[in-house]
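K.L.:
Now for the letters of each chain:
There are 2 protein chains.
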Amino acid sequence: MSDKKIQIIPLGGLGEFGMNSMAVRYGEDIIVLDAGMMFPDSELLGVDIVTPDFNYLEQNAAHVRALILTHGHEDHIGAVPFLLAQLSVPVYGTAFTLALVERRLEEHDLLEEAKLNPIKPGDKIDLGSFSVEFIHVTHSIVSSVAIAITTPLGVIIHTGDYKVDPTPTDNELFDLHTLAEYGKRGVLLLMSDSTNVDRPGYTESERAVRPRLEDLFVRAPRRLVISCFSSSIHRLQQILDLAEEYGRKVAFLGRSMISTTEIAHDHGLLTIPNGILLRPQDLMQTAPSKSVAIVSGTQGEPMSALSRVAVDNHKSLSIEHGDIVALSARIIPGNEKAIYRMINHLARRGADVFYGTMNPPIHVSGHGSAEELRLVLNLVRPKFFIPIHGEYRQIAPHAQAQLAQHLSHWGLEDTFVLESGETLEIDSAGARKGEPVTVGRVCIDSGTLDEVVEDIVIRDRRHLSEDGFVLPIIAINKHTGRSEGLPEIVSRGFMSMDESSEVLHEARQIVMKTLDTSTAEERTDWGVMQEKIRADLKRYLIKQTSRRPLIMPVILEV
Amino acid sequence: MSDKKIQIIPLGGLGEFGMNSMAVRYGEDIIVLDAGMMFPDSELLGVDIVTPDFNYLEQNAAHVRALILTHGHEDHIGAVPFLLAQLSVPVYGTAFTLALVERRLEEHDLLEEAKLNPIKPGDKIDLGSFSVEFIHVTHSIVSSVAIAITTPLGVIIHTGDYKVDPTPTDNELFDLHTLAEYGKRGVLLLMSDSTNVDRPGYTESERAVRPRLEDLFVRAPRRLVISCFSSSIHRLQQILDLAEEYGRKVAFLGRSMISTTEIAHDHGLLTIPNGILLRPQDLMQTAPSKSVAIVSGTQGEPMSALSRVAVDNHKSLSIEHGDIVALSARIIPGNEKAIYRMINHLARRGADVFYGTMNPPIHVSGHGSAEELRLVLNLVRPKFFIPIHGEYRQIAPHAQAQLAQHLSHWGLEDTFVLESGETLEIDSAGARKGEPVTVGRVCIDSGTLDEVVEDIVIRDRRHLSEDGFVLPIIAINKHTGRSEGLPEIVSRGFMSMDESSEVLHEARQIVMKTLDTSTAEERTDWGVMQEKIRADLKRYLIKQTSRRPLIMPVILEV
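These protein sequences, in sequence, are chains A and B.
Just so we're aligned, residue 1 is where the first sequence starts under the working numbering, counting upward by one.
Just so we're aligned, residue 559 is where the second sequence starts under the working numbering, counting upward by one.
Keep in mind that a hint or two might mislead.
[What the hints assert, rightly or not] Just a sample of chain A residues kept apart from chain B, beta carbon distances all over 10 Å, derived: (1) L173; (2) F217; (3) E336; (4) R348; (5) G356; (6) N359.
[Said to hold, decoys possible] Keeping only pairs whose Cα atoms sit at most 30 Å apart, straight-line, the calculated DSSO-like set for lysine-lysine is: (7) K895(B) x K1071(B); (8) K673(B) x K742(B); (9) K895(B) x K337(A); (10) K433(A) x K895(B); (11) K433(A) x K383(A); (12) K563(B) x K991(B); (13) K742(B) x K337(A); (14) K290(A) x K4(A); (15) K5(A) x K115(A).
Don't read these hints as lab results, they were simulated from the structure.
Note that beta-carbon positions come from the ideal geometry of N, C-alpha and C, so glycine has one too.
So here's chain A without its partners, still in its complex pose:
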């Protein structure tokens, strides 16, 4: 056994934001921690989500013992359906995390064959030569765990995402004791979340948002509209509690908000006071001062409930003068312009909008700041350290002096800055970087949210002409918001010119119709228009040709 080595193989999320996935190998046994997705850069026209390239796992399919999930955020579970489509492997996670995965698997018709194994914090399972223990951690989503992997060469601890919240709203404290025990016995390797490494001090407790939320409940003369991530169960619980206290009925708006709250409620993680719920369709018939709407769409996503509310295109909620809208979430870098555009629309309709940095805070992070990262490192006292979850600008400082190397008096031998695809080998002689493995980003066109997505993995498009795409280019007059002439449609690798000419001619009319039937406000929001054009054109092309080309509307302001 002693000549065997441990390999740490980051498949995604190291040196990049999102799509976290980490493989750990010892001899013939591989376990995978998380399988997340990322949202694409705006340069990736036509791509909806991006997943890691799981080829390494497919090639070693016989050895993959398990996929272990730390928590239910998309950047940790979003690629599970794509991994399971390639590879049949048992999945472990808390009941709530698995319930969120189930929803995704169902959409992809993969639920029946999936082997989902719920675990609880404190559980230990054997997977080949590994023994795995689940350790409760606090994070913005409930039911989050860190993973302790006992290997023949020593213990590996992977934190998942965490903050050290001393007063979580569910009173389930971070299990520092178990971490400390492992630290006392000796840990070979720690892999710890780097997201907030650049923030000094401690992240505030989830409870720190209550004073701000309560202030809104107290002062709102009319309807209160609060948007947060649907997975922020702690946050939702606080809003529900305040709604009960201040006598307001609650309506959930948005697909993800409705389904996630149902799941959390089913699992006993969200307490919904009796009789407090309002059906969305009854919202506008309820006295504004007696209602609160909890709406998904904090990031200004074009088709989200809040974006549609902002342009008065939501069937259940219209903003009226004096309504208060609170964005209880962080602004994810890259989304600023879409979010500000949405806020401008809300403000024009007379809403008072609360967002961004304020004191007391309207949002607190779910990730630990520098002192929390230090605390975990001090408790675990690993021999080796790898910062995980972050771009290079985050993982490099996390490995640096100000954290890890300062603390070497208790025996930290080395830290390693790995990017996805770089590997670390550990054996009895020590640790060093190993042979890289092939990783990458797989771009996926999932179509609109309203359609069940089939056959969606469009990957390794080596030759664009073979994979096919259809590119409508629309010239919009900035002053009128109307299109100038017929849209142009460019296609390649979709159908032969002869075959496609009639289809594309018709497709131009489809795009034109989408433009003509949109409201003036929709037409000022290119994000919304691009989504609509894509959805309509996709439906038409599937009907006519049974093909699903990549559809990328290009909108030109002229």
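Assemble chain B onto chain A, guided by the hints.
P.N.:
Just chain B now, with coordinates in the frame of chain A:
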């Protein structure tokens, strides 16, 4: 006279970010305050800058008495060449502001006919029925003024951009006394900067960045690379002073940095210690611990000096392990991803990068926070108030209770939230919204920075097929960074199919060549690649056809 009215006509910058321009009319006399540009949203493929539509001024050319500039930032002067190309009108501003305008006019070959009139704070000039006084204000750029316009119906004060800095580095204090005098005598209308309305308290003095910068000078074991806006003369002076104190030589890198510091030095606004300057080409031959590079490109602009340094593609500076890079500027919303990408590149080369929010700050804003806005309002005590310079989410709260309406005990009668194109009329009976005027955004393709731009105003593109565009679509393999097959080029309204086929065939080779001759790192940065493809294709097409189509490279990751 008494039946005449004042019209306030915002041509840009109200309800939108950038391109500030405000016309004030009384009877037959119009004066224009500022003519700024904005940078386009990423959806505006192929557009480099956006200016206001000055048609209203062109139609009323006989009445326009002057263009008055408050300060030299691009969002206040960037459209001056485009306005002067339409309209011959005398321009007033401080000597430094006009010097920055001269540089722009020279590029457009408009300098000779321009009538530039330098003014000093305290100067008063008569323009038709207006009398205009210039009032010194503090801001991130030196030589900034507010404007007091005495009209037959009362005084109008336009603040320009400002903060109330009690300790500006040039010791030129905000002239609160003159504001107070006007306030005491009575002011009809105040128009005040809204940029930082959502920040409580006071903005820190420019001097607040010195402790952080000094710390970097003290701790940097090797080369120090500092990036800030080239127009931040206060900031540059502090860096130069520290360089002298700590015995480092200074090299300026980047076109705008070199030309702006020359202008500031020529006007006695920037003191450059004797013998401190280093030629860029001598930088790498100077001991790292004895040098500091001041580099433009804080926003991750693809062709900027710092972006090129980050991918080791700058002729005068290579980052080496242990260098410190400081971004002493704010992150403009929308630029986050480009900036973080640049920081990741710098960190991979071993640089310690300082950026973002920290204490002491590495950057302070040039715009006043809520208490400063209140102070100015309290000093001026206007009858009417219009918040200016901001999106709706900024100007609406500025007009709201927490500021203006709270203070009505001294006689504020009303506040008006105007967006560009909405007008306000004031006469002896009061103030009210008037007839809107046609405004809009003019999209301009200015080509690359290396070319003298001619005939560049491409506007009112009503019919895309008439104006013409060429759209190269390049499929890039994410794993290899190489293009897959020949690039596709789409054109419309450029040349007839028969004429263009050979040209476009050749153009594909040009694009291919651009791709093949790029470095691996450039090929990971689509912004850089798009710029390069555009520049090369533009040069080729001009040579072959003497036409200048809009060139929009579309890059597809596959």
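K.L.:
Quick check: which numbered hints come out false for this structure?
P.N.:
3, 4, 5, 6, 8, 13, 14
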